[in-house]
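These protein sequence lines map, in sequence, to chains P and U.
At position 39 of the first sequence the residue is numbered 38 (numbering that gives the first Met the number 0), and the sequence of numbers has no breaks.
At position 719 of the second sequence the residue is numbered 718 (numbering that gives the first Met the number 0), and the sequence of numbers has no breaks.
Be a bit skeptical, because a hint or two may be false.
[Stated by the list, open to error] Capping the alpha-carbon separation at 25 Å, the derived lysine to aspartate or glutamate pairs in DMTMM-like fashion look like this:
id, chain 1, residue 1, chain 2, residue 2
1, U, K422, P, E166
2, U, K422, P, D95
3, U, K326, P, E73
4, U, K16, P, D95
5, U, K2, P, E123
6, U, K326, P, E96
7, U, K2, P, E96
8, U, K422, P, D172
9, U, K16, P, E96
10, U, K6, P, E122
11, U, K422, P, D13
Derived by calculation from the structure, the hints in this document are not laboratory data.
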Amino acid sequence: MIRTENLSKIYQTDEVETTALNEVNIEIKQGEFVSVMGPSGCGKSTLLNVLGMIDGPSSGSYFFNDEEIGHLPERKRSNIRKYNLGFVFQSFNLIDELSVYENVELPMLYTKVPSAERKKRVEELLEGMNIMHRRNHFPQQLSGGQQQRVAVARAIVNNPKLILADEPTGNLDSSNGDDVMKILAELNASGTTILMVTHSQYCAEFGNRIIRMLDGQVVTENVVKQYL
Amino acid sequence: MFKNHLKIAVRTLLKNKIYTLVTFLGLTIGVASALLIFRMLEFELSFNQQFTNHDRIVRVVATQESPDEGENFNVCTPIPVMDMLDEGIPQFEQMARIKEFWVTLAQPDPNGGPPLQKFNMGEFETAYFTEPEFFDIFQPLILAGDPVTALTEPNVIILTETWANKFFGSTEKAMGQELIMDNVVPVVVKGVIADFPGQSDFPIPFLSSWETLKSYREHFFFEESIHSCSSNNQVYALLHNPGQLEAVNKELKKISEELYSDRETNRTHILQPLSELHYDERFGHSGRHQISRSRLRILGIVGILILIMACFNFINLATAQATLRAKEVGVRKTLGSSRGQLIAQFMTETGLIVLGAVSLGLVVATLCQPFLQQISYVPEGLTFVGDPKIWVFLILVALLVTLLAGLYPATVLAGFQPIRALKSQALESSRGTVSLRKVLVVLQFVVAQALVIGAIITLLQLQYIRSRELGFSQDLVYTFGINTDSSSIARQDVLKSELLKIPVVEQVSYSSDAPMSGNTWMSNFGYASRPEDEEYGITLRFCDADYQKTFNLELVAGKWFEPSDTIRQGVVNMTLIQKLGIEDPQEAIGQVIRLGGSRRVEITGVSTDFHTHSLRQAHQPILLVPRKIYYWETGVKFRSGSKPAESVAAIKQAFDKVMPEQVFMGRFLDERIKQFYEDENRLAATCRGFGLLAILISCLGLFGLAAHAAQQRVKEIGVRKVLGASTLGIVGLLSKDFLKLVILALVLAAPIAWYFMKNWLDSFAYRIDIEWWVFAITGILALFIAFLTISYQSFRAALANPIESLKSE
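Looking at chain U on its own, in the form it has when it is part of the complex:
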């Protein structure tokens, strides 16, 4: 019997080519989309799962109530608090302090010459100072040495396998070798561990000991004050069991109340489970990216919707085709076929199409891998075919889609009464499915249009971000890192003069950060004679006297501060002036800011506002002050007309000459700024990509239905033509029903898309308004595409010779 079902399925599918092609292509696109989205979800959802103790690992983070800015979230734990936690939380089986750090690592020449080898850490790598307990918590695989003991000693480094190979070619050769961090901190390789898993938020190239950090406290800004809170200082712990989260949070609340009772800041420490590290965007982490669970949910829903839309095509066309199959159903029932056998037969047909679509979907998804890299962080190397999870997913999709798409049409077809089916009266009984078909078409276009509206709004917001005046010049500015040890600081002036000798270089400036960097240095402060500190903090930017000219910052009052090595004078921005309630910026000139409660800084100038973070954040009150020891970054402004590649080569040459022990690594500022919107770009590409696919699937369905409608109304068209109807009149007649559905879908899609996009836009301090024309354009676009889709069938029907259609009746 199955053979018979299979045979008839193949022949039926080959006979109804349009129907087969439309459902097949629709399902292929649906399956390919679902596969791509599954790959993204599977990649994101498996982060940090590889650690043996992943369900017991926690991080201590903090929330902070501020009267001015509401609740703030941060990951820092002040050093003295770490000591208290170590003793005061019985639920911690193990606890490890960590401090994130970034250094240049070099292999020194034993003869005193320039380093034999030197490497900067990768853009997304973060090293940790930590304690032996780190190994109990994360259990990295030890390849050589005794890193656990080593971490109790100063001046040690534990390399990962990649870094051991990078320096010494093998794990064994690396052991006992000497390296130097930032040309200041000598360390010995005391162990080699396996690389951390790729799908973890710990892109760690090497570890060093807490003792090393304590031995070089000034170089690494190690401050043992309860009032100093750097996001680099964190605590990880291993609970005895995963259910202790609440109990520890109660303990932490009690400790926080005692610790911070005398301070205005209302900080409370809480635990963050490792399972939330990748998804809770309120707290940063050492990894490259985070993604919220709500974003993943939406992505999953989009994938399911696209797959369901493809199933809708199947249901629509299968039920529309029902009349053509009625005779066969009647004959089979007359000959003794049961309803179950008929359902099995039609399900075989569906299964066959689904099987083909799933196979081709896999091929299409594989071909679309480059697209996946545009919209997600999924690495290039991951294949579809070699992954057993993908196969399980595909089998599940095939079964589900077969059931979802096939069961309803099969039940309708198999439910025909034999006598009515033989008389082709089944058509009447299947008329109820016409409204179902309309509902499904509307739903398809709701999804497609909502995604298109989303794509247009994300594109407009990105356009707005790109075109917004940032308050400084980002063109032709190259930035690169520089060490801040005393030897490097001593050579800063030499480097600057060397750089200025290069003809294409117009300005050179040292600073902690470029104007827009995403980094935050905050301090409490008081203004002029006001006795109390202000309720909000001030953001600091450390920079030299040439910063203004390098980045074209505009002053509205006063002048830039005089060159200095330490903080004596500074420039503030307009946001600070406004927050202080000063009407004329000139009034602030000559006034004093008390930084951190005591350090006095004279205001020499007021600059216009410039963006320090992405446009998600509003302008902050800023103080720009000089401080040589914080100049990690060099900004070089090229003259207009200079050739970028040659200019960068020239400054690298100068850098290598003055700082031979350091690694030259830099980027153009505009490229760095673009990277701020990596997430937004990926979101826009996701909406654009899947929106187009959704429209394509909807149009395929519409095309099939239009073909069916034209076929159904062939006699009516013939009669109308004989009675004098024009071709355009007929086209209008056939098209208007479908176009009405598209318009109805827009009416439904608009508020849904508006709601989601409004929420998304609210995460930007600077954003576009959602204009009515976005919806209008989407509607016009959808109508136009829908009309094009239908018109082929409509024109074909309208241009047919009426005699032919009437004769056949």
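Chain P extracted, bound-state conformation:
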């Protein structure tokens, strides 16, 4: 599903040049749950952003479903993104001015899902995440765990092929973190490919494979035993 060839990302300011990704070559197959680990600043979030098409690579190639998309213009990347990808962020990134229901509904507005279908899907998901009773609340009125569940619901509402999760449990206590990881594992079990960046070995082991990075490069790849 995902393949990179010598993927590099270099950040340039007036005086400093920082290589965030240095000729990274990875491959992720349909249905995999891959965790990316490494110390702060090793480039794992950058890798996630480039693979999530919310940032472009400086050089190298990025193949998504065998199509080179690394250097497509923002409009086309946006189009691929909305139909294929779902995002879960460490800081939830819910829109404060929208209610729980509206936040989850939002991606479907961009994919032009009919209103009745939107309602059905949002309600199903909110039920499934056990936050239906909070549907009219605003993000500031929810706990961290609830917010992240809303964020996950939003990420999967369009049935994306790939979910990109950047430290999804980073802002949560262990119990809430556990809940979120279980949801991701269940999604994976039902066929969704997941790429997750994490600092936590415990969380990483929810995946099938762990990619370890250092200084913008992939250093090791390990297969882990399945939890579920």
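For this one, chain P is given, so just place chain U on it according to the hints.
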């Protein structure tokens, strides 16, 4: 999607209350100002458009080269020239002579008693003697009778509907009734026409025929001489097509060269299109007021600038707020929103504010109608809501403002890269807008300060006009009109003695005009033994021997002339003495002035200069002479301490007793003089009003930006406080950036305002100098207001507990 945009727009606006309030109020003020100015412009620009043939109607006017005074402009056409034009201009489809006149109109008692009813014409009304062709040109709506045929006969009157109703209650009843003009000219109502449109320069109460004028030529000063040129004698014509203007002007030039070849005056007749009648202030007209196109342009620019200033507030605050919206932009883009969808979303927010502001602006403009009457001639009755043009204008304003105010911020916000937006690094990319914000703030204050400078200068000039010694006494002098037919002249002495019996009356004088009236009677003249006439004319004032005491005119040499019915002796003013090159005014006493080339007038006295016109005009050489038949005005000087209302009632009683057939109508002289500066007062009120609004809008913007700046620098303030900075130090830190902008704006506004106000002041012969302190006061005022605006936010930031701000970091 639109529903989602609308929902988030409402919630965002409610969440950022200061931002919403500042932009909303600013836009409301901007829209209200634009509406008021639009109403004024629309009112002024639609003058004379209601006539069917408005694009083909022209008036014959004249320019005159004078070696002494340069080019003069006037509207008169001598009567013999009218005859030549009637035959000699093939491009005229129709031509009508007119003569403006003002009379008292009365319904006589068939039994010979005092009139049954009598009315003076309104202050701004002008009646015309004219010909049947007038109807072909202006096509007034005929309500009764056959006025076109009637205008070929003598002793006829065509009333407008209002006047027909005023006298007889209805159009039908008016037909065939007898009326009498000035108690001298009997006329029969031969037709009734609809009132002339309100927005025209033809406030005509009634028409009479050219034949009537010719039958009473002495009473109406009808002179068939090519050398006599009264501004009341005019020619209107209808061209075959509007493009013939140039061709007719060539014909007129040829005719003028032939006609005036033997005269020193270098008069050339030209055409003035009807479309210029209201706007070309060089030529007078029968209407109440004129306004130059340049004044209208400036007014339009002020309106646009105020609206743009309000948009600047919007742009400034929206871009300043960009960082707060960055996360949302990032999330939306990540979820698949396109740039266009984001622009649409932010434009919806702008549209929502604009819609609210336009609605409230309409309410505010409606409430400000009384202010509109102070600064313009827009009549009271015109509403905003009922006028479709206003709605079209509002829709256009709403669309334009939404685009102007919303598009740039929307483009900036929607242009954020998703990853940078999510990391809130968008702030860095929006830093370029900081300089834009500064530019916009400076521009706002340039406009505001330029208007304030304009307001101060107009006020100072008006103050100067009011306080300037006019050269005569205007206090406690009441003036009223009087007829000049032989019967009235015969009763002048009786009236004067009746008036003098009233204890509060100190003096009574008859004259053609009060010293300052705006009217001009000019004549060519020669002095003493100098063989040639002087190159300039002399202004005449006809008055009796009591004129000096009534108006407290001061003599510098000689004495006032002896009482007389005709011109034998006269008094001149110092300007004439100086223009004649006489060093000692005493030398002029006993010398003779040859008036109009032949009539000899002995100079008995020399008076100090007094103003005969508004202060726009310099002193003219004047000759004051007696001539009973020109005494249209009575001046009554009251004793000091008298009560105005009771005193006027007493003279009205005396007037009604002696002149029962006439209508008593008068005013205190100082009120009349005030009216000379109606235009200036309106201009001052305009500058003052819109200057204040401009400052208010600028301050609203500044307030919002200061709030934003304080919020942005909250950590810096915390650190500085921990390191020992004082509250005042912090306030200074936050304020100085903005105050620098206000000072820069003053530097830019000063020369602009100076240029425009210098031009305006140049139209006054007597004017103030523009002093440096006007700019200094404006600057101090703007700085003070700006500091007050910023200081609330600055003090709040400076007094905040630094621990709070640092902890939040």
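Evaluated hints:
1. K422/U - E166/P: 14 Å, holds
2. K422/U - D95/P: 16 Å, holds
3. K326/U - E73/P: 18 Å, holds
4. K16/U - D95/P: With Cα atoms ~16 Å apart, K16/U and D95/P stay inside 25 Å; holds.
5. K2/U - E123/P: Holds - the C-alpha atoms of E123/P and K2/U are around 22 Å apart, at most 25 Å.
6. K326/U - E96/P: 12 Å, holds
7. K2/U - E96/P: It holds: about 14 Å lies between the C-alpha atoms, which stays within 25 Å.
8. K422/U - D172/P: Roughly 23 Å between the alpha carbons, so the hint for K422/U and D172/P holds.
9. K16/U - E96/P: Roughly 14 Å separates the two Cα atoms, so the pair holds.
10. K6/U - E122/P: 20 Å, holds
11. K422/U - D13/P: 19 Å, holds
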